[in-house]
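Enquirer: Each chain, written out:
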Amino acid sequence: MHVENLTLAYGADAPVVTGLTLEVPAGRLTAIVGPNGSGKSTLLRGMSRLMPPQSGHVLLDGEDIHKLPARELARRLGVLPQGPVTPEGITAAELVSRGRHPHRGLFGRLTSDDDSAIDEALAAVELTELRDRPVDQLSGGQRQRVWIAMVLAQGTAHLLLDEPTTYLDLAHAVDVMNVVHAAAHTSGRTVVVVLHDLTLAAQYADHLVVMGAGAIAAQGRPADVLTSGLLDEVFGLQATVVEVGGAPVVVPDRRLAG
Amino acid sequence: MKSRTVVLSLLFAALAVAVALLSLSIGTSKVPIADVIDVLLGGGRRGQRLIVLDLRLPRVATGLLVGIAFAVSGALLQTLSRNALASPDIVGVNSGASAGAVAVIVLAGSGGGNISGFAGQVGIPLAAVLGGLLATVVVGALSIQRGQVDGGRVVLIGVGIAAAANSLVAWMLVIGDVNDAGRAAAWLAGSLNSREWSDAVPVLIAVVVLLPVAIMFNRDLSAMVLGDDVASSLGVRVARIRLLLLIVATVLAAMATAAAGPIAFVALVAPQVALRLTRMERPPLVTTALLGAVFVVLADLLARNGLGWLHFGPYELPVGVLTAAAGAPYLLHLIGRQQKGR
Chain A
1 MHVENLTLAY GADAPVVTGL TLEVPAGRLT AIVGPNGSGK STLLRGMSRL
51 MPPQSGHVLL DGEDIHKLPA RELARRLGVL PQGPVTPEGI TAAELVSRGR
101 HPHRGLFGRL TSDDDSAIDE ALAAVELTEL RDRPVDQLSG GQRQRVWIAM
151 VLAQGTAHLL LDEPTTYLDL AHAVDVMNVV HAAAHTSGRT VVVVLHDLTL
201 AAQYADHLVV MGAGAIAAQG RPADVLTSGL LDEVFGLQAT VVEVGGAPVV
251 VPDRRLAG
Chain B
1 MKSRTVVLSL LFAALAVAVA LLSLSIGTSK VPIADVIDVL LGGGRRGQRL
51 IVLDLRLPRV ATGLLVGIAF AVSGALLQTL SRNALASPDI VGVNSGASAG
101 AVAVIVLAGS GGGNISGFAG QVGIPLAAVL GGLLATVVVG ALSIQRGQVD
151 GGRVVLIGVG IAAAANSLVA WMLVIGDVND AGRAAAWLAG SLNSREWSDA
201 VPVLIAVVVL LPVAIMFNRD LSAMVLGDDV ASSLGVRVAR IRLLLLIVAT
251 VLAAMATAAA GPIAFVALVA PQVALRLTRM ERPPLVTTAL LGAVFVVLAD
301 LLARNGLGWL HFGPYELPVG VLTAAAGAPY LLHLIGRQQK GR
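Chains A and B are the protein sequences, given in the same order.
Residues in the first sequence are numbered consecutively from 1, following full-length UniProt numbering.
Residues in the second sequence are numbered consecutively from 1, following full-length UniProt numbering.
Calculated from the structure, these hints are not laboratory results.
Virtual Cβ for every residue (Gly too), placed ideally from N, Cα, C.
Take these hints with a grain of salt, some might be off.
With the Cβ distance kept under 10 Å, some of the chain A side facing chain B (calculated, not the full set) [claimed, not checked]:
1. L50
2. V85
3. T86
4. E88
5. L95
6. H101
7. P102
8. R104
9. W147
10. V151
11. Q154
Extracted from the complex, chain A is given alone in its bound form:
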């Protein structure tokens, strides 16, 4: 996936993302981080056609995503946006089955291909046992994994996830990130995920993109990118970066009263 000189703006407002170019490494997990309002979620919307670009292109296997038919794009690019609506009473398996939409005709039952994609997706997020449970009765972490299973069932080679760990406690966030990591490393998908938590992003990402004010401030291997100098410059954060198990961990400097 390749982003070429992309400028994104809401209506006539000043652009949120300005002339951004990004080469997404294939078959790897790319994490996009950045302070609030840096345009990271907007960039993901632009990459997924949820937002039309003011200028520039997003290329998927060399083709402009805005020139592909909607269903064709949906068979190649899966997106989990922020704030999906969980309808009251829908079961986990039913919700996951909606991911098969771009592969299905107007009528007819799910094919065996559909069924096996749904089973695989539920197994990948370790929710096979809860498949007939209503999603609104699951825990926050389980619910988020059902939604990820929905996009996995879509069977796309590319996956964009917008802050899938928001509102989750650390244990559930780690469960979600394990699933996301496996989507890239076990199934060979190209995965881009927007994250809030720098340490979590650094632990899992193969490629880390740091955004500041609508442009890329730095990118590369997490260990190379995440330095205390960058944190000060982009986030205005005084912090020490230590390394644990080969990945950087951000420890904020305290300013204790008294």
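Guided by the hints, dock chain B onto chain A, whose structure is given.
Expert: Same frame as chain A, but now just chain B:
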């Protein structure tokens, strides 16, 4: 479709047939069910044929069709706005259609309470559709914020538009000829009294053409209940399909209103009852349609004969009075549920 939904649909189809047969049989002069079936198959005595085929069948057919049209319209609007209260009778579509129809009745009325053939058969449905579409456009335009439709705003703005349209209706009744106004007032309560085939035909056309259109987009609706962004990324062209289905829902409700008046609460209640019974995450279209048909014809059967059975004499109630009596408590229940946060 889940097997539960299929079973319930078959059950409601059977119920619709049963209620329709009962409705053809029961009345001031009773025709036994066996004779009704005989008449429908082309036999029967002359008097029975007159009662069943000429007097009762147009009324029952109009009832079935109007029930289907209102119910499907409600199911579509509730699904598109993700709000159980957003049915055409609440958000002003029926009121807009009524204003259009009353304008024709009052302005084109001959003063004798009857209007000439063309204005009645084409003018009323056409004016109803225009009035309904106008209400939909205004409600839709005012409730879109940042490209997203907010279900809560749809209901609040819809209630306001309904009030505006209703006051327009009231004004036309005041300035109109007393006979025309009387005819319009009876129609406004929602009534199937003395319906003829010419009343059923426009709704029939609307249902036959538009119900299949709605069903064609069933699977897209299943994606759209997950949110506009999710649906778009599943390949659904959300804006285009929503516009098309809004027009479908509006025309169905407006045609039904033109045929029988704004029968209250059918569009609100039928989809929600079907939703609860099938345990689906949105009102299933076919089940809802059949339930709407049963609801209207059963309510009309009771409205037509209820007072007689209670020995109050040979008076008929408008069917809308009965559906309103049954539906109003349900509306209060829904509002209570929404205020609790879900």
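Enquirer: Looking back at the hints listed earlier, which ones does the structure fail to meet?
Expert: Violated hints: none at all, because every hint is consistent with the structure.
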